[in-house]
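J.: This is what each chain is made of:
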Amino acid sequence: MSTKMNFSSKLYLGLVYFFLYAPIIVLVIFSFNASSSTSVISGFSFKWYSELFNDADTMNAIKNTLLIAIVSSVFATVLGTAAAVGIDRIKSKYVRSAIMNTTNIPMMNPEIVTGISLLLLFVFGAKLMGMKSVLGLQTLIIAHITFVLPYVILSVLPKLRQMDRHLSEAAMDLGCTPVKSFFKVVLPSIMPGILTGFIMAFTLSLDDFVISYFVSGPEWQTLPIRLFSMTKKRVKPDMYALSTLIFFAILVLLMLINFMQARGEKKKEKDR
Amino acid sequence: MQKKTLSAKLLASPHIVWSVLFIIAPLIMVAYYSFTNADGNFTLENIKALSDYKEVFLNSIWYGILATIICLVVAYPTAYFIARSKLRVQSTMIMLVMLPMWTSLLVRTYSIMSLIENTGIINTFLEKIGIGPLQMINTPGAVVLGMVYDFLPFMILPIYSVLTKLDNKLVEAAHDLGASKVTVLAKVILPLSRSGILSGITMVFVPSVSTFYISQKLGGGNFALVGEVIEGQFVTSNNFNLGAALSLVLMVLILICMAIMNHFSGDEEESGGGLMP
Amino acid sequence: MKKFASLLLALIVMLSFSVVAFAETSPLTDEELQAKYKELAGTSINVYNWGEYISDGSEGAMNVNEEFEKLTGIKVNYTTYDTNEAMYTKLKSGGAAYDIVIPSDYMIQRLINEGYLQKINFENIPNYKNIMDEYKDLYFDPQNEYSVPYNVGMVGVIYNKTMVKDPEKSWSLMWDKEYKGQILQFNNPRDGFATAMFMLGIDVNTQDEAEWQKAYRMLIEQKGVVQSYVSDEIFNKMESGSAAISSYYAGDYLLMKDNNPDLEFFYPEEGTNIFVDSICIPKSSQNKEAAELYINFLLSEEVALANAEYLYYATPNKTVIENEDYSLRDNEILYPQKEDMPKTQYYHNLDQETLGLMTTLWSELKIEGTSNTAVYIKLGTVAFIGLVAIIFNTVKKKKREKLYDV
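Protein chains in written order, with the working numbering: chain A, -9 to 262; chain B, 1016 to 1292; chain C, 2 to 407.
Check the hints yourself; a few may be wrong.
A few chain C residues that don't get close to chain A, going by computed Cβ distances all over 12 Å [to be verified]:
id, residue
1, G58
2, Y107
3, Y180
4, E210
5, Q223
6, E240
7, D259
8, T345
9, N350
10, Q353
11, F393
12, N394
DSS-like cross-link-like pairs, simulated, lysine-lysine; straight-line CA separation at most 25 Å [stated by the list, open to error]:
id, chain 1, residue 1, chain 2, residue 2
13, C, K258, A, K222
14, A, K53, C, K399
15, B, K1202, C, K120
16, C, K76, C, K120
17, B, K1024, A, K83
These are calculated hints, taken from the structure and not from any lab test.
Please read these numbers as outputs of a predicted model, since none were measured by experiment.
Yeah, the Cβ is synthetic: ideal placement off N, Cα and C, and Gly gets one too.
Based on the provided sequences and hints, a complete structural model is requested.
T.: Encoded structure:
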């Protein structure tokens, strides 16, 4: 349903993006602050960027955070998509809503409740298995999968509802195996839902502090834990510099992808 | 056919196992703490103590509803316009919606505070053009603003994903039958995107009731939200029992709200009878 | 003869006493330390500290953990927390083994009482002699068995001199109606209540409900003039001049002053809170000896100096204060002269009941002023609209069903 946008819709989108990006602009400005303040500007400097690159602890935390976010969002996307397909087929309204409500529980609880109850569960489980020091990468990943899962399912389900049931049946009538019909017919049509679910899962995992705090061990500090525990003293602009860098790196990446796609399209047109 | 449905249903089983292990089991723990005291004996004291917190619960739900409605109103046109833009830029635009969330919540919150502070950027500007400083921070409005800012992408994305590849023929058919643009929107597009709207509402309303960081900072800590109160019970007074009871009640309240909302969705397989008549 | 005997006895007693004392605390010599380093190289310790609470190499400062690794070959796994209570929950759960934690005074009292700490072997910490006597024998560890002081601090009142003219040195400044809407209060119950209690002359460690209620009424009164209840965002608000008056830790005031020279500070005459964050070894420690070497390292002059310069908190380490290179040694806020020293009081661990009372009163303080009826009306309206919509929906559906039937 892509058509040309008129001026008013462009203006509207512009305003929404401005709302989303106004704070980002502010933080970019403060990342170049000469002093350690994040509220008073006292000159231009790159010093927080060099600070950032010399900070081995932060670099290590970034590595951990990315690893956990990628692993848990990929896993949650696969698990959640499969679950959504299954839930969609369940005829009984009550069973379906029971599963959905259970899925949503990590979203309903304040994060601290999810965090502490998972912590107690992990410790309990470790005792049963006779393990010591259970907290670490594995518990972080399990916890992250658990709390991002509802977002994936909630993204995929609407696409399944929207899909024409008869399509996959038709494919099977034409000789497709169920597996083949799933990959050839169902999967492509729910792809936008899977992608948005994945993006949300990744985002949430990236920025989680409270749950991660309680389930992390002495060797796996993530960036949000590092950042939030600075708040007793102060958060210095090097953290702003980090956000700025991440932001521009992704922006450049997006533009590149966009550019490549545009070239690809043109080429296709030429080939025709 | 029967066999196919069964095997498809089986796809949900890993998720069900996962839920039992990491959602139900902790939930049982929460329930256990709710009905016991510090010594582990059964008690209803925690549940009784909840009456002190009626207003906190109601306030949080009210703010949650408000934030959800605003998110929906802002997000629907956004998603609609994105879905109507050129295919090639759509994915970029969606990524741009999410990208602000990739900077830390803490840093984002500080930035919003710099903007709406009494001596902040917006007020400095307003003063220059003579509209005088406005009290923005530390108001209920700022609390809702914080929630909307934090959750808007979670409303835009699911609505976008159902609007994209929406069957264009239906829209065209409606146009051909003489329906005006508004009628098409209200009678065709809105009902067809209902499942996306419902997902969006769930993803905004449910977490917004228990959130507190961004809204606490913007509200100046003047408003007690339930997320903050529960955190206080767990952390400050180390009273897991009362904290667990509070969050159990919160869960029940949210479930009730969701049940009411789900009533609107009715039998989802049928079209019509939608969210908006 | 008698005299001689008693003299001899005294001598013997003294000698034996000193021998015992010597045997008890004979600290390791440098060579012995080196041997220990060699022995433990390749192992690792888990250090659990407050965020931003160690000199970490930024802005040209010493990177303490890296230096320790270089010196000893013991790997440091360093993680951070943001409150005593969050650390306590983690430690109590037993899910992970930590070798070093650095809680505050009242939390150490609780951890000792509940048996989560173990006694430190001071033989491995020859640098303990650097600790000033006034920070030994503290109430939470009277025998100096479990903790080694790391940092000291006091709470005071910060004000912006362009907005507040020559205030009296009293907590009452934070209740002054003249500065309505420009006052920041702590957003954590313990420190928040303490401001009211010091002002009223109540013991901050009282377990008497009536006294807490009295302080609570004081805070309710204050709510009308308070702009916001803050924690970390206090830096931004004070530096940018969004608020005129607040109360915070002295060391952090010095950090703020770097960015806004208009900020001034005083210790209220009614008295104020003093805290000590001390280094402890949890029972769950897997590498106690290496942890003790780490403590010893933190107490060495060079490292303690780097930390004191970086953190801006007062140090309990006398070699630092005596060091002429220490830029803050003459700072009268961190190290007031004897006659300027305010009345101070440590927090003690409160019992469960008082903690519960405090938390409840604190949430009541936050709710205070928000109208209950307004919320009922709002939610009632929403429920009514919902009900109407449901009825409307059902009617419509029935109608349609009828239509199909025909």
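J.: Do the alpha carbons of A/K53 and C/K399 lie within 25 Å of each other, as the hint requires?
T.: 58 Å, violated
J.: Would you check whether the claim that C/G58 is not at the interface survives, using Cβ distances to chain A and the 12 Å cut-off?
T.: Non-interface label fails for C/G58: nearest chain A Cβ at 7 Å, not farther than 12 Å.
J.: For C/E240, is the shortest CB-to-CB distance to chain A above 12 Å, so the non-interface label stands?
T.: 5 Å, violated
J.: Taking the minimum C-beta separation from C/Q223 to chain A, is that value above 12 Å?
T.: 24 Å, holds
J.: Are B/K1202 and C/K120 close enough, with their CA atoms no more than 25 Å apart?
T.: Violated. B/K1202 to C/K120 sits at ~74 Å, over the 25 Å cutoff.
J.: Beyond 12 Å from chain A, beta-carbon-wise, is C/T345?
T.: 20 Å, holds
J.: Are all beta-carbon distances from C/Y180 to chain A longer than 12 Å?
T.: With a cut-off of 12 Å, C/Y180 remains clear of chain A, as the shortest Cβ separation is near 20 Å.
J.: Hint check: B/K1024 vs A/K83, CA-CA at most 25 Å. Holds or violated?
T.: Given that 25 Å is the threshold and the Cα spacing comes to 14 Å, the pair holds.
J.: Confirm or reject the statement that C/D259 sits farther than 12 Å, beta carbon to beta carbon, from all of chain A.
T.: Check fails; 7 Å does not lie beyond 12 Å.
J.: Are all beta-carbon distances from C/N350 to chain A longer than 12 Å?
T.: Fine: 19 Å to the nearest Cβ keeps C/N350 off the interface.
J.: Quick one, are C/K76 and C/K120 close enough, alpha carbons at most 25 Å?
T.: 23 Å, holds
J.: Hey, does C/E210 actually stay past 12 Å from chain A on C-beta?
T.: C/E210 clear of chain A: closest Cβ-Cβ about 27 Å, beyond 12 Å.
Hint check: violations occur at hints 1, 6, 7, 14 and 15; the rest are consistent with the structure.
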